[in-house]
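Undergrad: The residues making up each chain are set out below.
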Amino acid sequence: MSVVRRAAIVGVGQTEFSKASGRSELQLACEAVRAAIADAGLQPSDVDGLVTFVQDTNDELGVMRGVGIPLVRWTSRTPFGGGGASATIEHAAAVVASGAADVVVVYRAFNERSGHRFGQPGAQVSAPIMNLHMPFGLDTPAKMYSLWFQRYMHEYGLTNEDFGRYSVVARKHAAVNPNAWFFGKPITLADHQASRWIVEPILRLFDCCQESDGGVAIVVTTPERARDCAQAPVVVSAATQGNTMTGEVLFNYYHDDITTFPEADFCAAQLYGDAGLSPADIDVAMIYENFSPVVFYQLEAYGFCGRGEAKDFIADGQIEVGGATPVNTNGGLLGEAYIHGMNNLLEGVRQLRGQSYNQVADAQHVLVAAGRSAVILERG
Amino acid sequence: MIAPRPTPDDAFFWEGAAAGRLLARECAGCGRLQHPPSPMCPACGSTEWTERELSGRGTLHSWVASHHPSRPDEEPRVVILVQLEEGIRMVSNLQGVALADVRNDLPVEVCFVDFDGIVLPQFTPAPDPAPGSPEVAR
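Protein chains in written order, with the working numbering: chain U, 1 to 380; chain E, 1001 to 1138.
The following block holds chain E by itself, in its conformation from the complex:
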């Protein structure tokens, strides 16, 4: 796996993942949620940020199978673009679904996996909402 090389602008994301939290930057000036993170808020110009913990729920917007080019027989990683319910998108991986069963718009939820000391947010299919829950009522 290619390790991230955190910068001052995204270190919070990796520290959050290591602690089992999915974080995004929220502008302290205007509340804008910014992902990918940037050092300055494009809406108000503030450079002050707070970290907002995301619900980790979303849907699978798009996906590819990533085979290792020189080890094609290995099981591919399913790379996904997640549409998070907070309205931002994030690249991650889908765990626990066979390639043939991957579907666009699949509801997913975050989990955290340690790859040799580097913790990455990953996603798995979300359990069906319980009867009577707000999701079902809606």
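So here's chain U without its partners, still in its complex pose:
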């Protein structure tokens, strides 16, 4: 059993999402954290826990010094990259449920376009597991992931055009979201097919997430304390990670069947079981997509459609507002921004507050899936 309905999101904050923030990553973190605390109607002195990513460069003391948080009892960090995005909420929920802290702020901030760019080719082997991959030419995340995706394309008869149909929806959602980098800039399938190959024959440019500068922060507390905060609370129905022995951070090559995503399969079973919900109960699915094919794997893992059926589910319009399961209503990481998946959590909260630019009527439950971690959020 994971942490079920024992924590609530009461505040969200962000900076603008850009390509060149013009300020330090620490300043972005401080701005987002302060905005989230204010959104909750709390003071910096109420905060006694901090959670971020292992990869975040902003140390906890720097954030405390900037925001004016006098004392913190709990800190923790989630492993891996964006796959740990939803795990930050699992950490925070478990912490407030345990009493180890009462008000936890989750933050992530970086200059991922104007500073260190994750998508640039590596120059040397960066970890022991990379020995068996990088010398053979897998020098970027796009190539590493694509070697996983290609088998799925082969088994289920997809071409890159099928992935393009997701990208068109992401850009359609982003086009009406003023918070999105691609606000007012929808694309057609022809535009997608005219974008250059990044990894032939799997990914074109418009299949890849953006590179973005920005910061996001989220305030988590107990359901009891949430009643006294400024916003209608968003309850964490259930939260989990799904780390499997045959998995690797960037290489899903060693599972028995690589046309599936066992980490997401585990998260789905755990969350639905714990929360007492089924795919039909999910009103909006926020799905981490560093690359468009990841949406296909996760639509199937979470039971929104059957194995191999994601291409038809998307082509039939089922992931658009008005479809069976609207997906990435902010435009996702392709359309809105790449804040390591944390902006998808913000959109989940906004849907449940009724504040999305692509609002799904009477949204009660939102899945925020990030590969190897996921949460279901519900209206409090």
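It should be emphasised that the hints constitute simulated quantities derived from the structure, not laboratory data. All values derive from a computational prediction rather than experimental measurement. Glycine is no exception: its CB is placed at the ideal position from the N, C-alpha and C atoms. Among the hints, erroneous ones may be present.
Unchecked claim - Covered stretches of chain U (chain E as the covering partner; in silico rule of three or more C-beta atoms under 8 Å from a C-beta of chain E): (1) 127-141; (2) 194-202; (3) 343-356.
As the list claims (entries may be wrong) - Some chain E residues flagged as far from chain U (calculated, every beta-carbon gap over 12 Å): (4) D1010; (5) G1020; (6) R1021; (7) C1030; (8) R1052; (9) R1057; (10) A1065; (11) G1096; (12) D1105; (13) E1109; (14) T1124.
Take the given structure of chain U and dock chain E to it, following the hints.
TA: Positioned in the frame of chain U, the structure of chain E alone reads:
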């Protein structure tokens, strides 16, 4: 090319490749074949390993064309995930096949290529089995 930086857990693989042998770690305790290698056997907890020479035969499970990002006009390397007949998978490259002719499940066999002093296992299409061979009889 990005050079490997061997660790105590995978040095055998690179030493084997330099000698023209495709090796994987086999647990001395329970016989489990472990690739990628790890220092401890997940099945029995042993830290004793022997090196098993693989047949080098398998099939092409998945593939991508790896273009150099700043030299897109150069011939891409075809990166492949090989399903080896011993039941493990391994990342390598496909040699001697035009991009348009790369196919999933193509039978392949290992060869070894020296790239400026670093020997990498590579794969080429396997020759058709001879008439009357066990593969054909099966």
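Undergrad: Would you check whether the claim that G1096 of chain E is not at the interface survives, using Cβ distances to chain U and the 12 Å cut-off?
TA: 16 Å, holds
Undergrad: Could you check that no beta carbon of chain U comes within 12 Å of the beta carbon of T1124 of chain E?
TA: 15 Å, holds
Undergrad: Quick one: work out the minimum CB distance from D1010 of chain E to chain U and report holds if it exceeds 12 Å, violated otherwise.
TA: Given a closest Cβ separation of 6 Å, the condition is violated.
Undergrad: Please confirm whether D1105 of chain E is truly not at the interface, meaning its C-beta sits more than 12 Å away from all C-beta atoms of chain U.
TA: D1105 of chain E not clear of chain U: closest Cβ-Cβ about 8 Å, inside 12 Å.
Undergrad: Closest CB-CB distance from C1030 of chain E to chain U, is it above 12 Å?
TA: 16 Å, holds
Undergrad: Just want to verify: E1109 of chain E was marked as not at the interface with chain U; is every Cβ pair farther apart than 12 Å?
TA: 17 Å, holds
Undergrad: The output says G1020 of chain E does not contact chain U. Does that hold with a beta carbon cutoff of 12 Å?
TA: Per Cβ check, G1020 of chain E is outside 12 Å of chain U; nearest 17 Å; holds.
Undergrad: Are at least 3 residues of the stretch 194-202 of chain U within less than 8 Å of chain E when you compare beta carbons?
TA: holds (count 5)
Undergrad: Far enough from chain U: is every CB of that chain over 12 Å from the CB of A1065 of chain E?
TA: 4 Å, violated
Undergrad: Does R1057 of chain E really sit off the interface, with its C-beta more than 12 Å from all C-beta atoms of chain U?
TA: Non-interface label on R1057 of chain E holds, nearest chain U Cβ at 19 Å vs cutoff 12 Å.
Undergrad: Would you check chain E against the stretch 343-356 of chain U, counting CB to CB pairs closer than 8 Å, and say if three or more residues qualify?
TA: violated (count 0)
Undergrad: Can we confirm that no CB of chain U comes within 12 Å of the CB of R1052 of chain E?
TA: The claim stands: R1052 of chain E keeps its Cβ more than 12 Å from every Cβ of chain U (closest is about 16 Å).
Hints 3, 4, 10, 12 from the earlier list are contradicted by this structure; the remaining hints agree with it.
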